[in-house]
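Knowing the structure of chain R, use the given hints to seat chains A and P on it.
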Amino acid sequence: MTVTAFKLHPLRLLVAAITLLCLAMASTADAQSSVRPPEGAVDSPGITAPLGEASDADIWRQLKYGGTEPPPVVGDNPILEVPGRPQNVFEALMEEIRPSETVNVTSSSGQPRVMQVLGEEWRLLRREIILPYAGWILVTVLGVIALFGIVRGRIKIRGGRSGKYIPRFSMAHRIAHWFLASSFILMAISGLVILLGRTVLVPIIGKEANAVLTSAMLQGHNLFGPVFILSLLIVIFKFMKGNFFQWADAKWIIKGGGLLGGHASSHHYNFGEKTWYWIVVIVGLIMSATGMLLLFPWVTEVLAWHQLSTVLHAGGAILMISIAMGHAYIGSIGMEGSLDSMLRGEVDENWAKEHHDLWYEEVTGKKASHDEDESAPGAATAEGSA
Amino acid sequence: MTFLEFTEGPMFYFAAALFVVAGLWRLVGIVRLGKKPDLAPARGSAATGFLKGNLRHFFPRGLFAQRTWMHLLGGYGFHLGLFVLFFFAAPHIAFIEKFTGLSWPALPRWGFIIAAEIAFAGLIVLWVRRFSDPVMRLISDWDDHVGTWLTFIVMLTGCLALQEAHDSLRAIHMLSVNIWLIYFPFSRLMHAFTFFLSRGATGANYGRKGMNP
Amino acid sequence: MSETSKAQTAIDTLVNQIDRDIASYLEACVHCGECAEACHFYEATHDPKYTPTYKLFPLVKAYKKHKAPLRWITQIFGAPDEITEEELRDWEELVYDSCTMCGRCTLVCPMGIDIAGTIRKVREGYAAADIVPEGLAQARANVERTSSPMGVTARALLKQVEHQEEDTGLKIPVDVEGADYLALLSSHEIMASPEIIGAYAKIFDRAGVSWTLSTEAYEATNVGVQIGSGPLARQLVQRVVDEAERLGVKYVISPECGHAYGAIRWAGPNLIGRSFKFEVLHILELLDKLRAEGRIPPGERDTRKMTLHDPCQIVRRGGLLKEPRRLLDDACSNFVEMKGAGVTNYCCGGGGGVSANQRAEDLMIGAFGKKLEQIDDLGNIDAVVVPCANCRGVFEDGLFELDRDEIEVVSLGQLVADTLADDPKTAK
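Protein chains in written order, with the numbering used here: chain R, 14 to 399; chain A, 37 to 249; chain P, 1378 to 1805.
Just chain R, with the same shape it has in the complex (with noise of 0.2 Å):
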């Protein structure tokens, strides 16, 4: 089957009784390479002879794109004619259809159909794209991050731990943190076995346990849904203050964090976790949006919407997820000293000096010194988002 890349067609109307058609013929579709018509097959009115008998390409075609025009050329292959057919399948579909006065078959090209393609390339791209792949990009996130882990080290506080602390995060940013780290933790574990349960888990504990599990974890997913909704507004609301961009991190960035060696100053935030942030509240509202959408469907009916959604929605999972990983890891066990602000709420100074300067300047009114950065390369504040 060929994959067709996700394209936002412009909206289509479609009744609740065409989708079920259309699921009725793509279930027949997939009989097509059976020499024999399912039991009890229905001659379709027009077609002679059983479906399946021959290279029936045209036919569906014409049912996906309508209308009496020749369906769009696909790669060199001429539309094969085949004798004794109708030309044109659909009419005589909806000859037999169109009794019913609920059926209103109509596309942006003016053409009417049977079949509805967005939901077919969307089926695909879910099936083709985002099945196979999105575990995969996961498994090579965890690739890179353990590679970094064992190229780069623990990143150690340069000079050791002062002893001395100062207070970087108060009580209600670090419940408001976890409060999202441990929604958002729920949220990926039920969403992802939601996802990728029957390619991964089927095969490990089969059909009948991966049942249970998928209604199980659907369950808590729409429960946790609202409660990440909840903590990530309140993430979004006590961190705005200093993550807006500065100016400072133009520099920050072209100094590459620090990556390339020399200093990258930063404010209470530097450029990475900034990014981040913004991450969090764009993609974290997305998410948010789209599962509402998902949990309340009858809000639209739509059905690009919903179909925009699931897409959006596991895109944006595999996005955060991954960079969540990262975060995790620099977070706790990649660099000395920076789990203490959401432990403790404070930070050591040398930390804060060595990451963070320009806030350690504000805070303590003291001057931070680089003075040992140059024989460091490599070692300031960088990798990515503490």
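One thing to keep in mind: the hints can contain errors.
[As the list claims (entries may be wrong)] In silico lysine to any residue, SDA-like type, Cα no more than 20 Å apart, as pairs:
no.: 1; chain 1: P; residue 1: Lys1682; chain 2: P; residue 2: Gln1751
no.: 2; chain 1: P; residue 1: Lys1699; chain 2: A; residue 2: Gly246
no.: 3; chain 1: P; residue 1: Lys1441; chain 2: A; residue 2: Trp178
no.: 4; chain 1: P; residue 1: Lys1716; chain 2: P; residue 2: Ile1758
no.: 5; chain 1: P; residue 1: Lys1442; chain 2: P; residue 2: Gln1385
no.: 6; chain 1: P; residue 1: Lys1442; chain 2: A; residue 2: Arg224
no.: 7; chain 1: R; residue 1: Lys380; chain 2: R; residue 2: Gly173
no.: 8; chain 1: P; residue 1: Lys1441; chain 2: A; residue 2: Leu63
no.: 9; chain 1: P; residue 1: Lys1441; chain 2: A; residue 2: Leu69
no.: 10; chain 1: P; residue 1: Lys1426; chain 2: A; residue 2: Leu174
no.: 11; chain 1: R; residue 1: Lys251; chain 2: A; residue 2: Leu108
[Claimed, not checked] If the Cβ cut is set under 7 Å, some of the chain A residues that face chain P in the computed set are:
no.: 12; residue: Val67
no.: 13; residue: Phe100
no.: 14; residue: Arg103
no.: 15; residue: Asp180
no.: 16; residue: Arg235
Just so you know, the hints here were simulated from the structure itself, not pulled from any lab data. Values in this document were obtained by computation on a predicted structure and should not be read as measured data. All C-beta atoms, glycine included, are put in the ideal place defined by N, C-alpha and C.
Here is chains A and P on its own, set in the frame of chain R:
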């Protein structure tokens, strides 16, 4: 006997009986320690103080509430949410009715879901506070964490079984409920019952002095 | 005393302290940490070890090991260790230096736990094992010698009485049998502000109250309550009771001193195991009563901007909330209340024996800083009325240390005496 029948049958009977017997044992054990009569002439009533103390400490004092509002919201959210969820969810009422014949009106499903959301949010807030603050890290022991996690698991398995379509999910919920019931009387979860003794003790002592802190 | 027996003495005493109330407290604590937010020692230092409930650890350990119901089951899964002398010494600072038993933590506790009262019980164990701060040990030694923690003798008292008689021109009755009231004083008052004796003379003379001081029982301060020694506390209360009953007074007046009031009014009868044959009145209660009866009419009011410090043991834990305020309304024309005045007021930082414990001085001054912030929030206060001699001492030290001694510290009894209406008899 299926696993579900076991967790709803013999195991549940055992857990519930232990919960009641050990819980009462502990409460009676505390009360039996007794107290010498107070000989100082009273300025107010100890009995009234006992009640007032119990009521007064349901509400925070404004002066302190401003400073720990997140903790307070979490605490109230969790406890009120859990209370509603526990007593007014239709499956819970049906379960209680099966054993006792008692029944009362249930919340509609959406009300129950909202209560669960609030309870979960509150419990998570309470727990993350426990490990993200030096004070909390210092004073917390394993009992605090086990109690929190067991309660969380009971709530979680309950919500995972919301579809009410798989016996195994219901059985897992019942299993965790049973473990929770067995753990309860030996742990700090007993604060659900001891709170009125401790508030009352302070309330009575202060009541005699004509105060109500 | 050998090393092991010290810990054992402490454990035995601690276990003996546990009654229904204490057990309820220890059982009900859910480790929520709210109490830290109410403790001035935690607020001043932000050191987690000053979290009030954490200070109870030795008692909690003894309770779990020896007294908790169902311990025979829970101990199957690991019996708690016996508390060691080392642990007791580690906690000594928390039990003595960083708790004034002010009871502010109880207000914020969702379980309503009386941590202050429980600390008092923990100190019993410490005092029994003689693991106490040097300052308090010294005070105890002074008490055993002279009945006064500051070593004030009856001779010293008589000297001060003589001075006051000269200053006021009034006869101050001493050891008078059959008087209605026996007035106690705190050694801090006798030594540092003997004018209060003259103030009493002036007020009682005006009201026509029959009163007396005693050379046997003049000291109200009860080091036994502060150090946590039941036997010593009983001995000190007994001394007052014997003398009051010998003199045949109807009332004993507790002075402006926090722990002294709690010791004799609320703990006293329980310490000696019987009711008194007299009534205990706090001086503020008596003044309020005399004022209500019109026997000490107020005169011209003090115009300085004043606020009131609520001594914990007199107000929050003593029950005298309204009396000082009624008296102040008549005595002061520019009176303002602090935020959190009354029940939720901050402690001065030096109650409960902390001010007698020299090694705790930095902590005490830090905690007093919270009190000062509370006062400074009012802006330009001329004087703080402090109806507790010990608190006044802490205020004076604290204001001096923090270079703020422009704020005056005033005794309420003194203020009432100073603002009495002119006597029509003498005015004639």
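Given the hinted pair Lys1699 (chain P) and Gly246 (chain A), is their alpha-carbon gap at most 20 Å? Holds: Lys1699 (chain P) and Gly246 (chain A) sit about 11 Å apart, inside 20 Å.
Take a quick look at whether Lys1426 (chain P) and Leu174 (chain A) sit within 20 Å of each other, Cα to Cα. Holds. Lys1426 (chain P) to Leu174 (chain A) sits at ~7 Å (cutoff 20 Å).
At a threshold of 7 Å, is the proposed contact between Asp180 (chain A) and chain P supported by beta-carbon distances? holds (5 Å)
Agreement of hint Phe100 (chain A) with chain P interface, Cβ distance less than 7 Å: holds (5 Å)
Lys1441 (chain P) and Leu69 (chain A): Cα distance at most 20 Å? holds (14 Å)
Answer holds if the nearest beta-carbon of chain P is closer than 7 Å to that of Val67 (chain A); otherwise answer violated. holds (6 Å)
Given hint Arg224 (chain A) paired with Lys1442 (chain P) - CA-CA distance at most 20 Å: holds (16 Å)
Lys380 (chain R) paired with Gly173 (chain R) [C-alpha distance capped at 20 Å]: Answer holds: Lys380 (chain R) to Gly173 (chain R) is near 18 Å, not above 20 Å.
Does Trp178 (chain A) lie within 20 Å of Lys1441 (chain P) when you go C-alpha to C-alpha? holds (15 Å)
For the pair supplied as a hint, Lys1442 (chain P) and Gln1385 (chain P), confirm whether the alpha-carbon distance does not exceed 20 Å. Distance of about 13 Å is within 20 Å: holds.
Can the restraint linking Lys251 (chain R) and Leu108 (chain A) be considered satisfied, given a maximum Cα separation of 20 Å? Holds, at about 17 Å.
Satisfaction of hint between Leu63 (chain A) and Lys1441 (chain P), Cα-Cα up to 20 Å: Holds, at roughly 15 Å.
Of the numbered hints listed earlier, not one is contradicted by the structure.
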